[in-house]
Structures are given as C-alpha cells and as structure tokens.
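Using the sequences plus the hints, can you model the full thing?
Numbering-wise, the numbering used here comes out as the position in the first sequence, counting from 1, plus 248.
It should be emphasised that the hints constitute simulated quantities derived from the structure, not laboratory data. Model, not experiment: these values are computed from the prediction. Watch out, some of these pointers could steer you wrong.
In silico DMTMM-like pairs for lysine to aspartate or glutamate, Cα to Cα no more than 20 Å straight-line [unchecked claim]:
(1) LYS599 <-> ASP588
(2) LYS589 <-> GLU540
(3) LYS527 <-> ASP539
(4) LYS403 <-> GLU453
(5) LYS708 <-> GLU674
(6) LYS640 <-> GLU540
(7) LYS665 <-> ASP746
(8) LYS599 <-> GLU562
(9) LYS405 <-> ASP455
(10) LYS405 <-> GLU393
(11) LYS589 <-> ASP521
(12) LYS711 <-> ASP660
(13) LYS403 <-> ASP455
(14) LYS711 <-> ASP746
(15) LYS599 <-> GLU644
(16) LYS589 <-> GLU562
(17) LYS580 <-> ASP488
(18) LYS599 <-> ASP539
(19) LYS527 <-> GLU540
(20) LYS523 <-> ASP588
(21) LYS527 <-> GLU346
(22) LYS711 <-> GLU661
(23) LYS405 <-> GLU434
(24) LYS640 <-> GLU604
(25) LYS589 <-> ASP560
Computed Cβ-Cβ distance ranges for the label pairs, DEER-style [to be verified]:
(26) PRO728 <-> LEU705: 16 to 26 Å
(27) VAL725 <-> ASN492: 45 to 55 Å
(28) THR584 <-> LEU629: 35 to 45 Å
(29) GLY754 <-> GLU690: 26 to 36 Å
(30) VAL447 <-> GLN399: 19 to 29 Å
(31) LEU506 <-> TYR386: 25 to 35 Å
(32) TRP592 <-> VAL438: 35 to 45 Å
Glycine included, C-beta positions come from ideal geometry on N, C-alpha and C.
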Amino acid sequence: MLASGGSTVRRRCRPAAGTACDLCYNRASPPCFPGNSAPMTVRTRFAPSPTGYLHIGGARTALFSWLHARHHGGAFVLRIEDTDLERSTAESVNAILEGMTWLGLEYDEGPFYQTRRFDRYREVIQQLLDSGHAYRCYCSRERLERLRADQLARKEKPRYDGHCRHLERPPAPDAPYVVRFRNPLEGTVVVDDLVRGRVSFANAELDDLIIARSDGTPTYNLTVVVDDTDMGITHVIRGDDHLNNTPRQMNIMQALGLQPPAYAHVPMILGPDGKRFSKRHGAVSVMQFRDEGYLPEALINYLVRLGWSHGDQEVFSVDEMVELFDIRDVNKAASTFNPDKLLWLNQHYIKTSPPEHLERHLGYHLGRLGIDPAAGGPDILAVIRALQERSKTLVEMARQALFLYQDFDHYDEKAAKKHLRPAAVEALTRLRTGLAALPDWEAEAIHGVVVGVAEVLELKLGKVAQPLRVAVSGGPVSPPIDVTLELLGRERTLQRIDRALAYIAGT
RNA sequence: GUCCCCAUCGUCUAGACGGCCUAGGACACCACCCUUUCAAGGUGGCGACACGGGUUCGAAUCCCGUUGGGGACGCCA
Numbered sequence: 249m250l251a252s253g254g255s256t257v258r259r260r261c262r263p264a265a266g267t268a269c270d271l272c273y274n275r276a277s278p279p280c281f282p283g284n285s286a287p288m289t290v291r292t293r294f295a296p297s298p299t300g301y302l303h304i305g306g307a308r309t310a311l312f313s314w315l316h317a318r319h320h321g322g323a324f325v326l327r328i329e330d331t332d333l334e335r336s337t338a339e340s341v342n343a344i345l346e347g348m349t350w351l352g353l354e355y356d357e358g359p360f361y362q363t364r365r366f367d368r369y370r371e372v373i374q375q376l377l378d379s380g381h382a383y384r385c386y387c388s389r390e391r392l393e394r395l396r397a398d399q400l401a402r403k404e405k406p407r408y409d410g411h412c413r414h415l416e417r418p419p420a421p422d423a424p425y426v427v428r429f430r431n432p433l434e435g436t437v438v439v440d441d442l443v444r445g446r447v448s449f450a451n452a453e454l455d456d457l458i459i460a461r462s463d464g465t466p467t468y469n470l471t472v473v474v475d476d477t478d479m480g481i482t483h484v485i486r487g488d489d490h491l492n493n494t495p496r497q498m499n500i501m502q503a504l505g506l507q508p509p510a511y512a513h514v515p516m517i518l519g520p521d522g523k524r525f526s527k528r529h530g531a532v533s534v535m536q537f538r539d540e541g542y543l544p545e546a547l548i549n550y551l552v553r554l555g556w557s558h559g560d561q562e563v564f565s566v567d568e569m570v571e572l573f574d575i576r577d578v579n580k581a582a583s584t585f586n587p588d589k590l591l592w593l594n595q596h597y598i599k600t601s602p603p604e605h606l607e608r609h610l611g612y613h614l615g616r617l618g619i620d621p622a623a624g625g626p627d628i629l630a631v632i633r634a635l636q637e638r639s640k641t642l643v644e645m646a647r648q649a650l651f652l653y654q655d656f657d658h659y660d661e662k663a664a665k666k667h668l669r670p671a672a673v674e675a676l677t678r679l680r681t682g683l684a685a686l687p688d689w690e691a692e693a694i695h696g697v698v699v700g701v702a703e704v705l706e707l708k709l710g711k712v713a714q715p716l717r718v719a720v721s722g723g724p725v726s727p728p729i730d731v732t733l734e735l736l737g738r739e740r741t742l743q744r745i746d747r748a749l750a751y752i753a754g755t
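And the structure:
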C-alpha cells in the first residue's frame, strides 16, 4: 500500500462554512479567512542533518510533518541541514532518502541543501550586522572555556557574558571573529506551540548566540530562520529538543522583521530505560527494521500511535491517518518505544495483507538467503498464503519457506530424536506408499492419506503427522502437513521420506 | 546547577463542559477453549489516575506545592 507507490489521498481540511481552519493560513500573511479566497497552503518541512541514518525519532517527526501537510492539502519539503561540514556526509544523505522512500514519505520539494545557500546566509548575517542586531565577537575559545567553567563552578547557567557586545573596534586589524546575534536583554518571548500550548522564556535567560563561525560559515539557528522563511514554511514541526531554541529563533526573526511560523514540538521517543532512544536500545535505523523483516506500513502505523491516537483505534491505513491526523492531538509527554507492539502490528499486517502485496517484500528476504523463488519451487503466492498466519516478520517467513525451495542439510536435533525413531518407520513407509499412489497431488487428497494411515495404525493424527513433518521439513514446525506436502511437491516429498527412513535405519 | 517541559495499568493510550469512570481499549503476561506441529482465533484474568494540599455538593479531569522523569544550556543540529 504505502511502499508500492499507490496514490495517497490529498484532502483539504474543510472548515465549517464561513469559518477559518486556523491552521490553514500562515500567520505571517494576512488571514484571508474567513471571508473569501482560499487559505494559504500549509507548508511543512523535514530538516535532518546528514550525520547518520534515518532513525526512529526522526522518522516519526517526518511522519507527523508529512501527515500535517497531507491532511491540509499542503506541501512537504525536505531540507538537508549540512552546515556542519565536519560531520555531514553524502552517505548519510542517501541513507535518509532511502529511509524516507521506504516509508513512503514522499516530499514535494527538495531536497534543498544548506551548503548551497551560503551566499544567502552571508547576506542575512551582513544585514543583521548592518542593522546592529549582530556584532563581531573576538573572544578566544580559551576565554569562552574559562567563562563557562567559572559559571558552572558558581552553579550558574553557562552563557556568553556579552564581552564584545559594545566593542568599538577590533583588538587587532586582522583578529579572527565570530558573529553573534544581539539578543534582547529584557522582556519575554512567548511561543504558542501547537502541541505544548503557551510557553514563555525570559530574554534574560538567553545569551548572544553565534550565527557565523570564525570561518564565516553560518550556524543552525541562523540557517533555520532564513530557510523556513525563504521556503515559506508555515508550520515548523520538530522534536522537543528544539523547544529551547525557538525563542532565539523568534528573536532573530523579529530582528529581521519577519513573522514567525507556527510551531509544534513533538515529544521525544525514549528507550525502555527511560533515556532518549538511541543505538544502544537496539534497532534505531529505519532501514534496520526493513532488514529485520518489518513492513513499512507496520512501522508507520506503530510510529503514528506513539504520541497520537484516535479513540481506541489501533490500526490505521495511511489514508486514514491523513484523514484523521491533527497535530493538535499530539501528546505532550514523551513515550517509550515498545518493540513488542511493533512486532504485533507487523504480524497483523503480514496476516492481513494480500499475498500479492507481500510477494515483493518476501522476495527481498528470500534473496538475502540466496533463494530466487522465480527459479523453481512452489508458487510464492501459495507459500505466502500458507505462512502468513504464522510469521511475525518477513525474515521469519523467509526462513520458514526455506525448506520448500532447497534441501536442508540436517534435522533439528530435538525433533529428530523425538520423531524419527524406529517407531515411526511403519507410519512413514505406509505414508510413502499411499502418497506415491495418489492420482492428484493436492492437499485434500494428501490429508486423506495421512488420516488413513493414522486410522489403520490406530494412532493419533499427531503421531503420524509429526514424523512426516520432521522428515520433509527438517524441523518440528511447518504449515498444516497436507498443505506443506502439496507445496513441496510429490517428488521432493518422497525423496525426503526415503531420506528419513535411511536416517532412522542409520541411528 | 540554571532554564524549559512532562506525569492514567509494565508499555502505547481513551478520558470534550469537573459528575456518564466501581477509569475504557491495545501490546505484553497468566489461565482455559480450539487444535495435526507452530501459529492464528475465542473466552476470561492480572493491572494505573505519582504524592500532598486546596477549589467544589462532586476532581483522573481546575489551582498550588512536592517528588520523579525528560530536554536545553557548543564556533552540533
């Protein structure tokens, strides 16, 4: 559904007649609602820094942002925040794009790279300098470090002390400098956050942040402001960890005469230990989930329910999410990642998806095991039908399908010990005869043979089916035995019974 | 440490106006049923409003405090 590239619904929110959907226009522009013309389109963005793969937290932020745009019929833009030349890599960009594609979070514009916009940032920095809203700071790193250490020792919040704020001229003609934003000293900044509600910060708590490094490159807080404005972003949806940056960015916008966008800070995802979710909690990379056999729709569904809900509903198709999602319904509290529930959803989607949909996904995992289902063996759709009710992941499904496509090299030890014993010889022999004589090789007839042998020998069905199962599959678990044999084919079935008989004789 | 934020079952959550909540659903867990293995499915069970004060006829829902947790405090983003 999601990854197969089907069309996604694009619906506009429909406010009651004559009223505005208060999320559908940018507060920066005069509200054209209520009254006449169409509201300004919602524009959201996802702005990762390419310093790693796309992880779970980022993926959910992207999802919320994407859903918000889709729900309101707006645009979703992708921006790569690669101003940190040291840590940004092209591989990371690719990994992020790959992750988004796999999840089906397609973007309408971008990716835009900040490194290609340095001229623009320089221009804005100069503008800030010219208007007196920024100044050059010549403090050495050593002084800054000392300042910080002292403040910490005094149990104060470490921050720049404004040393260069009123400097008349550089200490030396060619002294290196950074550019700092001249943050207001008084007053408060109020953020009306779509999920957090009203949050206020005292300007006295904020210091003069660096907007340009000594090499002239711009820093994050400056570039976001410029880009969000230039790209017409109406709603900034991002992680909670950015809430504290918001007042600074709003101050910069004010200095530039810009109206800030609407903000929505979504809560973090924590690991089972209550700490911020990270690598040491296991899989964090979206692509790792693919490799572990998860369906993208299961991950998406799991992610959307982390911090958002719609009554008691647990399962949402992407279209339903788009229809029902409202950023204002997102929870304020952080939530803990629960692998069990993700697994359950994955199983649910495997169980309920049409086999045709699973085909490509299973094919991928079979391929990783060195199997090409198109090269022979049972029909993959039939295999999926037999396995989809008993697989929690696609990896599991691929492993369970293995014996249908290639011979196993040894029996499961415990299973062989229990079922491939002399006591089973009679049953296996009779099964072989009966099966070999079957006019049609299909489940119902096979079932008849198995039941028949059990009756003749006055054995419970399990006593007959289980040795047969171990004989043909190598282990104690497979789909119903008749279905299993049908999939395996007569030739292989008979061969494997012979092999089992030989094995018993040899033990 | 300072600032900001958060707080319902182990986990994700439901909970518009405070009464419909002896707090609902889902995952996990336990038991039973079904059964040809493994699953799936069915039935039932376990299990929470962090604490303390208010406000009110009445509070999970409002206010204050405490405690606990998270985030931010970089020439990272």
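Going through the hints against the structure:
1. Between LYS599 and ASP588 the alpha-carbon distance is near 16 Å, which keeps this suggested pair within the 20 Å criterion.
2. For the suggested pair LYS589 and GLU540, the alpha carbons sit about 15 Å apart, so the restraint of at most 20 Å is met.
3. Of the supplied pair hints, the one linking LYS527 and ASP539 holds, its CA atoms being roughly 16 Å apart against a limit of 20 Å.
4. Among the hinted pairs, LYS403 with GLU453 is consistent with the structure: their alpha-carbon atoms are about 14 Å apart, no more than 20 Å.
5. The straight-line distance between the Cα atoms of LYS708 and GLU674 is roughly 14 Å, inside the 20 Å bound, and the hint therefore holds.
6. About 11 Å separates the Cα atoms of LYS640 and GLU540, which keeps this hinted pair within 20 Å; it holds.
7. At most 20 Å may separate the alpha-carbon atoms for a hinted pair to count; LYS665 and ASP746 meet this at roughly 17 Å.
8. Note on LYS599 and GLU562: the hinted pairing holds, with a Cα-Cα distance of about 16 Å set against a maximum of 20 Å.
9. The suggested pairing of LYS405 with ASP455 holds, with an alpha-carbon distance near 10 Å, which does not exceed 20 Å.
10. Our distance criterion of 20 Å between C-alpha atoms is met by LYS405 and GLU393, whose separation comes to about 14 Å.
11. Annotation: proposed proximity of LYS589 to ASP521 holds, straight-line Cα distance about 17 Å (limit 20 Å).
12. For the hint pairing LYS711 with ASP660, the CA-to-CA distance comes to about 17 Å; that is within 20 Å, so the pair holds.
13. At roughly 17 Å between alpha-carbon atoms, LYS403 and ASP455 fall within 20 Å of each other, so this suggested pair holds.
14. A threshold of 20 Å between alpha carbons decides the hint, and for LYS711 with ASP746 the separation of about 18 Å falls inside it, so the pair holds.
15. Between LYS599 and GLU644 the CA atoms are separated by roughly 13 Å; this keeps the pair inside 20 Å, and the hint holds.
16. Taking the CA atoms of LYS589 and GLU562, the gap is near 10 Å; set against the 20 Å cutoff, the hint holds.
17. About 9 Å separates the Cα atoms of LYS580 and ASP488, which keeps this hinted pair within 20 Å; it holds.
18. Simply put, LYS599 and ASP539 have alpha-carbon atoms about 19 Å apart, close enough for the 20 Å limit, and the pair holds.
19. Under the criterion of a C-alpha separation no larger than 20 Å, the hint pairing LYS527 with GLU540 is consistent with the structure, at around 15 Å.
20. A C-alpha spacing of about 18 Å is found between LYS523 and ASP588, which places the hinted pair at or below 20 Å, so the restraint holds.
21. For a cut-off of 20 Å, the pair hint linking LYS527 to GLU346 stands: about 19 Å separates their Cα positions.
22. This hinted pair checks out: LYS711 and GLU661 have alpha carbons roughly 18 Å apart, not beyond 20 Å.
23. Between the alpha carbons of LYS405 and GLU434 the distance comes to roughly 17 Å, so the proposed pair stays at or under 20 Å and holds.
24. A distance of roughly 18 Å separates the Cα atoms of LYS640 and GLU604; the hinted pair therefore holds under the 20 Å criterion.
25. Proximity of LYS589 to ASP560 is assessed by CA-CA distance (about 15 Å); at most 20 Å being required, the pair is judged to hold.
26. Hint check: PRO728 to LEU705, Cβ distance near 20 Å, so the stated range 16 to 26 Å holds.
27. The hinted window of 45 to 55 Å between VAL725 and ASN492 holds, with their beta carbons roughly 52 Å apart.
28. For the hinted restraint 35 to 45 Å between THR584 and LEU629, the CB-CB distance of approximately 38 Å keeps it satisfied.
29. Between GLY754 and GLU690 the beta carbon distance is about 33 Å. The supplied range of 26 to 36 Å therefore holds.
30. The given range of 19 to 29 Å is respected by VAL447 and GLN399, whose C-beta atoms sit roughly 24 Å from each other.
31. Checking the proposed 25 to 35 Å range against LEU506 and TYR386 shows it holds: the Cβ atoms sit about 29 Å from each other.
32. About 42 Å separates the C-beta atoms of TRP592 and VAL438, a value consistent with the hinted range of 35 to 45 Å.
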